[in-house]
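Colleague: Generate the whole structure from the sequences, applying the supplied hints.
There are 4 protein chains.
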Amino acid sequence: MSAVVNIGIIGAGRIGKLHAENITKLVPSVQVVGISDVMMNDEMEKWAHSLGIGIATKDPSDLINHEEIDAILVCSSTSTHADFTMASAKAGKHVFCEKPIDLSVTKGLEAIKVARKHQVKLQLGFNRRFDHNFKHIHDLRTAGKVGDVHIVKITSRDPAPPSPAYVAVSGGIFLDMMIHDFDMARFQAGSEITSVYATGAVLVDPEIGKAGDIDTAIVTLTFANGAIGVIDNSRQAVYGYDQRVEVFGSKGAAQAENDRPTNVTLSTAEQVSTDKPLYFFLERYEDAFVDEISSFAEAILENKEVVVSGEDGLEDMVAALAAGKSLKEGRVVTIAEMKDELGL
Amino acid sequence: MSAVVNIGIIGAGRIGKLHAENITKLVPSVQVVGISDVMMNDEMEKWAHSLGIGIATKDPSDLINHEEIDAILVCSSTSTHADFTMASAKAGKHVFCEKPIDLSVTKGLEAIKVARKHQVKLQLGFNRRFDHNFKHIHDLRTAGKVGDVHIVKITSRDPAPPSPAYVAVSGGIFLDMMIHDFDMARFQAGSEITSVYATGAVLVDPEIGKAGDIDTAIVTLTFANGAIGVIDNSRQAVYGYDQRVEVFGSKGAAQAENDRPTNVTLSTAEQVSTDKPLYFFLERYEDAFVDEISSFAEAILENKEVVVSGEDGLEDMVAALAAGKSLKEGRVVTIAEMKDELGL
Amino acid sequence: MSAVVNIGIIGAGRIGKLHAENITKLVPSVQVVGISDVMMNDEMEKWAHSLGIGIATKDPSDLINHEEIDAILVCSSTSTHADFTMASAKAGKHVFCEKPIDLSVTKGLEAIKVARKHQVKLQLGFNRRFDHNFKHIHDLRTAGKVGDVHIVKITSRDPAPPSPAYVAVSGGIFLDMMIHDFDMARFQAGSEITSVYATGAVLVDPEIGKAGDIDTAIVTLTFANGAIGVIDNSRQAVYGYDQRVEVFGSKGAAQAENDRPTNVTLSTAEQVSTDKPLYFFLERYEDAFVDEISSFAEAILENKEVVVSGEDGLEDMVAALAAGKSLKEGRVVTIAEMKDELGL
Amino acid sequence: MSAVVNIGIIGAGRIGKLHAENITKLVPSVQVVGISDVMMNDEMEKWAHSLGIGIATKDPSDLINHEEIDAILVCSSTSTHADFTMASAKAGKHVFCEKPIDLSVTKGLEAIKVARKHQVKLQLGFNRRFDHNFKHIHDLRTAGKVGDVHIVKITSRDPAPPSPAYVAVSGGIFLDMMIHDFDMARFQAGSEITSVYATGAVLVDPEIGKAGDIDTAIVTLTFANGAIGVIDNSRQAVYGYDQRVEVFGSKGAAQAENDRPTNVTLSTAEQVSTDKPLYFFLERYEDAFVDEISSFAEAILENKEVVVSGEDGLEDMVAALAAGKSLKEGRVVTIAEMKDELGL
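Protein chains in written order, with this note's numbering: chain A, 324 to 667; chain V, 324 to 667; chain U, 324 to 667; chain R, 324 to 667.
These are calculated hints, taken from the structure and not from any lab test.
Just to be clear, a hint being listed does not mean it is correct.
The list treats identical chains as one, so a pair stands whether inside a single copy or across any two.
[What the hints assert, rightly or not] Calculated pairs, DSS-like style, for lysine-lysine (alpha carbon to alpha carbon, straight line, at most 27 Å): (1) 458 x 574; (2) 533 x 574; (3) 381 x 422; (4) 422 x 340; (5) 651 x 662; (6) 348 x 458; (7) 348 x 369; (8) 574 x 468; (9) 369 x 381.
Modeller: Given below as structure tokens:
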């Protein structure tokens, strides 16, 4: 392998295109050799070539079986994630798979096992671990600055709710939205979640309730290392994307505030005001989308552990499923119980 | 009654002295006519006279039955709160009673009923409602600035743990510490708590665990108005007293940061640093201790509702007891269930 | 002398009353024995007695010659400051004199000399040195945290302009307003001003210009220790009293932001807003008014240097006069030149 | 002309390379057709080709005379700026010229006149106007949010001093460093500087003094619209690059704080700390370097005024020269006087 990772991207939707453009412009350690999409057309092909991507195809096998390709980015629709992951692994390609690896835990586990068996790297797209603020909190903790972790607090609120139609097929707030926070909680606690208790309500949009989901939720967590935690989610923070993390421990606390477009304060006779937070995930995690790919490349080139493994994704999903069960049954649900139920 | 409320203070311990000095210096609408303490001695008497307090006695009846006294401040030991409250009410005196009104909900309720029957004001010493930050959040909400309340978040951490000996007789973290936060939660939500779920751990001091208590806790709340909430407590925040509140709603969010001794930032080659939060409740709530008395006097003089009623104290206590039960039984506990059990 | 300083207050106008109330309530080391005012009347007398002040008189000699009085607070009109200071000093009383000690530098100097000769303490009322933020910056510097001072920056803006009538007799912006900042500059630089260059404009109110004054000014400073500095003044900051100080040096920078009523942030769809600064000097320097008196008492009781000496006041005044001259002549003016001109 | 501006870059030093990489990756409206450098070698050529730049040459005429090139970026050494600007303009190419356009005002003016005559756009590389914070302040002002400008305050401090050798040939602190702030002052005041008064000192490094320069400076400004202003510079802020701007006016104030790597706060038993400012101009103005080129392209494609004109650069230089003269002669220097002296 050269000092550059040659990759193929399966799926040229919004996220596939984002990765293609990011890599081309901002990740020197990665080269996009080809991109595939079942809807590949002239326009898409032209766009690919403009980025210097040689192969633009309808057939993902053209990438999976390409001799010079070292790794595959799976950016296709969720239902195909596990299959493309397995096919790529079997072909000896490392895999970066957008989350979730599958809507079924069983199939997700199967994909993980295949990757393990073929000894390829498997990284999932939980990009928030690469956010400059959250990574810094993580680094402060692992450097011992907050001591033993006692409490992890995560605030995660979207600027505007998705359509009820989207909600209906989303898997629900825990699998669709809070799964990112379960991943963050595990990342920041440095420990596995052992139980969850979920409270929720429909306060933003009654249509979300009619779709069988909630739009506001608080989940309490316990961790294997004894720490406890809490996540709150809302589908609508009218002031913008609210993404904050706090890790509190025996030696202190590390807290991340939101990022804002500018650091300007305007003081008038009426008030003192500052910018609202960056609007949504594309703005807030703009750099994180780039850094997760750089990190994946580094893991391959230097044969290191990936920062977000398939196993991480599985644990996150189990936590999300447990939260759903907790909300439904109005009781605390242990991860052990949930894994038993899932046959894990 | 004159435009000044004449009061008698029962109990000249730390809190009684604090009120006496505050009133004398900073509450023009109140005059301290007398103070009683079972341990009254020459030194205490001298101190009282230096403040211009005419009566210094061992016998609280000297105050309760004093013709010119309009109101009694009950600052004696907890076990006497309800009795002094009732005796004062029966004598037609308004009562400001330090929290809790009693360790028994039943007796607390009895005291409240006596106060009601004799049509005297009864205010409890939950002074945080008078904190400038928290009061401002409350005022923003009632002015409609945050819209309908969706989430209430309260962080409440002490700078250093109490002794295990204190913990053993404290009634536990929920009754001793988090009761303030239950009161704050109800105040900020503008609604009653309907259920609680408690998670806790012994992470600060194993001796606290041996004393049968926890030192770190997260409690999830639901409110009658549909909102949900969460409180986290720790007996030890090494950086000082951490007292923050956030109310999130349909139109926005109001958040209070900690108060600090100064607004100075020091930037050096090593770091950029600011002051730690004010050390503990005497520093942080210095003004709130004064304002709760002014507010009590105003309620009397203008015949208005008190800001913290006996009923408030009772609701807070039920929430605390429910949290204890929730922790013990590992399940959500409704306030209705708890009230049934308590015979309320 | 007892452990309490017995004082008499000359002048019962706004500032004299403020000191009387502050001392009575909040300065245990000082007792107000008497207060005099040329306009003393029944109402004022009643007010004095209500504070426990025994003597209320028209004649300041009743205080100056009172055997049990240790110190005099000169709070009368400016034209009488120096005379009362001298009379008090001659009677062996320590003196706290509101600023300025006199509108004439010569007479001010005379008063200082009399105080020196009679070996009494003389403190001036530059209360900003006692502000919690500015004192902290001073303490950081003297503790070596900012290293050698390179630049001192002071922002000082009033919320609203005074009336043109007031401006006409005020002595002008430099003597009336910026004199506080010259004192602050010397305090924070830890060094004497050696030259000033003033720029100014009439931007707030043309009437101020017609009264022969300016309302907006920037003055550059050089200090004896080599540091340089800058002060900006405006008679009108519509967002409130803007009082900030920055000391920049070889090891770092210490900066003080404004104080605000609360630390609450409100985030809405329109904006993120916080409180405006405290409105004006009575709000911002509320504690500083108390602390300057405590400090004066401490200087007397422990025979220490006062924090703001008569000489300080004189230096501040020379700087203000030099700034006026600089503005008028459009050139830098040295303090040495100004002192020569003043015969100092 | 296509919807893309084809450019040639003269000079492949640090800044030329930076622009080449920025444009290639981040400015879709610009295409780099060629780059020239007198030291062009194989390595540089390889680097150019890796960016997709077709022409890598020693001879700038290859670019200036290239038919398909619309505009030239002059990134060569300062002494060649004016000549390349004129040659490019004569060839009908728009010019983006790094600052300063020339060390001689006369020659700078000549270049500007040539550009005017040949009706090409001429933009100078004062990139701070494109900084997100400073641009936002500018936008707030032009939107009327601060009202009439009364005071402009600029803090501009480098993290570490340049070598004395550099200082010796730099043209001095006003031409080398503060020229950026003169440009910012004019940009934010929305008005031309009419006079300057400079104070300075050697406080950071005595070697800078030996090289005939100062390392710490404060300059007071007056503007044609009546506003006044002040700039402070230091060659060494040990806590990092300190770049702040404040515009104060009749309706309020807009202030920009520094940017920091993260928004994380660490609270420990010792202190509460945050990140230091971004280290230096490459970090702080990373996006501004990109945006100035996008803006240049937009001016060409849409035939709009450039944001920083040659005339701006000339005004900035005159202010810098006036400041030098003011410091040397210890008096205020008007821009009119300086222009007279320069024959402008």
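Colleague: When no copy is named, should residue 348 and residue 369 be tagged within, between, both, or neither for a Cα gap of at most 27 Å?
Modeller: For residue 348 and residue 369, both the intra-copy (17 Å) and inter-copy (18 Å) Cα distances are at most 27 Å.
Colleague: Given identical chains, is residue 369 near residue 381, meaning Cα to Cα at most 27 Å, within a copy, between copies, both, or neither?
Modeller: Close inside one copy (14 Å), not across copies (34 Å); limit 27 Å.
Colleague: Measure nothing new, just compare the shortest in-copy and cross-copy C-alpha distances for residue 458 and residue 574 to 27 Å and report within, between, both or neither.
Modeller: Answer is within; shortest intra-copy Cα gap is 19 Å, inter-copy 29 Å.
Colleague: At most 27 Å between CA atoms: does that hold for residue 574 and residue 468 within a copy, between copies, both, or neither?
Modeller: For residue 574 and residue 468, both the intra-copy (7 Å) and inter-copy (24 Å) Cα distances are at most 27 Å.
Colleague: My question is about residue 381 and residue 422: at a cut-off of 27 Å on alpha-carbon distance, are they close within one copy, between copies, both, or neither?
Modeller: within (22 Å within a copy, 50 Å between copies)
Colleague: Is it within a copy, between copies, both, or neither that the alpha carbon of residue 348 lies no farther than 27 Å from that of residue 458?
Modeller: Both: 23 Å inside a chain and 25 Å across chains, each within 27 Å.
Colleague: From the Cα coordinates, with 27 Å as the cut-off, is the pair residue 651 and residue 662 best called within, between, both, or neither?
Modeller: both (17 Å within a copy, 25 Å between copies)
Colleague: Give the relationship of residue 422 and residue 340 under a CA distance limit of 27 Å: within one copy only, between copies only, both, or neither.
Modeller: Classified as within; 16 Å inside a copy, 37 Å across copies.
Colleague: Within a copy, between copies, both or neither: which one fits residue 533 and residue 574 at a CA-CA cutoff of 27 Å?
Modeller: between (46 Å within a copy, 23 Å between copies)
In this structure, none of the earlier numbered hints is contradicted; all agree with it.
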